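Make the full structure from the sequences, and use the hints.
Listed below, chain by chain, are the residues.
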Amino acid sequence: MRLTPRDSSFFDLLTASAEHLVTGSKLLAELLGADRKTRKEIAKQLSDTEHDADEATHAIMRRLNQTFVTPFDRDDIYELASALDDCMDFMEEAADLIVLYRIEELPARVADQVQVLERAAELTCEAMPRLRTMKDLSDYWVEVNRLENQADKVHRKLLAQLFDEITDPIELMKLKEVVEILEHAADAFEKVANTVETIVLKES
Amino acid sequence: MRLTPRDSSFFDLLTASAEHLVTGSKLLAELLGADRKTRKEIAKQLSDTEHDADEATHAIMRRLNQTFVTPFDRDDIYELASALDDCMDFMEEAADLIVLYRIEELPARVADQVQVLERAAELTCEAMPRLRTMKDLSDYWVEVNRLENQADKVHRKLLAQLFDEITDPIELMKLKEVVEILEHAADAFEKVANTVETIVLKES
Amino acid sequence: MRLTPRDSSFFDLLTASAEHLVTGSKLLAELLGADRKTRKEIAKQLSDTEHDADEATHAIMRRLNQTFVTPFDRDDIYELASALDDCMDFMEEAADLIVLYRIEELPARVADQVQVLERAAELTCEAMPRLRTMKDLSDYWVEVNRLENQADKVHRKLLAQLFDEITDPIELMKLKEVVEILEHAADAFEKVANTVETIVLKES
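Chains as they are written, first to last, in the working numbering: chain D, 1 to 204; chain W, 1 to 204; chain E, 1 to 204.
Relax, there's no trap hidden among the hints.
Beta-carbon label-pair distances, calculated as ranges: (1) E:Glu180 x W:Arg102: 22 to 28 Å; (2) D:Ser47 x W:Glu143: 43 to 49 Å; (3) E:His51 x D:Lys37: 50 to 56 Å; (4) D:His51 x E:Pro129: 32 to 38 Å; (5) E:Gln66 x D:Ser47: 45 to 51 Å; (6) W:Pro107 x D:Asp152: 24 to 30 Å; (7) D:Glu41 x W:Glu30: 50 to 56 Å; (8) W:Arg102 x E:Asp136: 55 to 61 Å; (9) E:Gln45 x W:Val142: 25 to 31 Å; (10) E:Glu203 x W:Arg109: 48 to 54 Å; (11) W:Ala160 x E:Arg74: 36 to 42 Å.
The set of hints was computed from the structure by calculation and includes no laboratory data. Bear in mind that the values here come from a model prediction, so they are computed numbers and not experimental data. For each residue, glycine too, the CB sits at the ideal point set by N, CA and C.
This is the structure we're talking about:
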């Protein structure tokens, strides 16, 4: 059982978790532009990053379960850590499937999807330390919600495009799955932002 | 921070949210019977309804986060508002995909799925104001659970039928996705009913 | 309203719920090796088991909502009961779809997936009564987490194999769906284990 001073490290742990998301999203963007052999290496790095993120999540959970006084609502910290973890899981899964399915060419809009994830990861990483003071966070959640709406529009256009252009049903299944997982990643970033909003509004 | 009297508006806000579901489910039923051009217009109306429902959800969340005393458990109100929002999101997504995928013909059982959603929306909308007194709600949740079981059976029969009758795999993918999203909508209505049951049983 | 002594039956109710999972996972394993006619009968038995499990879940929920003092955090019991229920739902759905889609041959790795579920069900069933003393539970959650990692690896290899070997897109869609639902079942068992871990760490 520890009291408040040591608990400030929740902010450090959440920031560390979000830093893995920045690394992960950059690797994912890199993977899209790479040749097949390099893609495999990058997917391996992303898988390692996912393991690191997993460790960070478990560190938050352990601290959460062993700490009597938390800087804000216990369940909200749990939800925040889980949502950060989900962002990484979806990005790693997308990368792994691109390699596993030996997808050659991805539509240009997939790069747009990943760009949104990169931006959302950066914003999330900058926001985490600001939870300490609970100040200047509304720009963050407004912007991530805007990004998610944009991602949703890109996603539906991509779906229509896939069904218009891809005539091989098996190729279509592969691409559709990757595109959907990237959309789940964007949703997960929005979930993080919504949880931060809830935390801040409760405390205000 | 507001105390109980003003908080009674939670019931109004939840009812407003459920009214959008009635509008949405009726539009969805209308869309099924329409020609392609009219479908596009109806899908646009459903998308507007979804935006209104989104606003209603945000109003509940804001009120929730700024209110000290809530008429029942804070987390249950949050879950109720989220579940209502999910019902609308799935209905809007189904309508949008029917248009986006330029689906010509839908099996008759899809209309059965949507009829269940219409009935569930009406029941939900009638139930919300009764949360004020917590009375006469068990018929509602029993009936929505029954409807969801019925929807589940229709859904599985539809899946079997699609795989039996549709030989074009790409057409099959499109129809299967629409049918699954409508099943998610039925699940979301059941989630609303289960949350209402939890709220009532806690208070009894 | 009942106080602690009668509440000890939460452990019995949770154990009863987990026993249905052992029955269900054994039926699922049996179904894989059976001919088509016998598969239909076994799927019917699994559907009956799912109904029994549903009853068990509702009994936990009713008890939860009517009990003032619970042996551990109310929301954690709710989450535990829901997660146990999800394990069963996914196993029943997989069995039903194998029959409904008239799948003839399943890849050998599907039996590996189901073997993981059988082991996870046994471990879960042995763990539930130990919640009474909160002792000797860490081996359980560590092992289920290990099993889920193993299931995840089997799942991704299976996906790659399906896309490599199955050239009929409609057959591929059927098999992919079954394989994914079995993966969801493994995730649900992990969710049960994570909830048990949370409960134990909170109390320690």
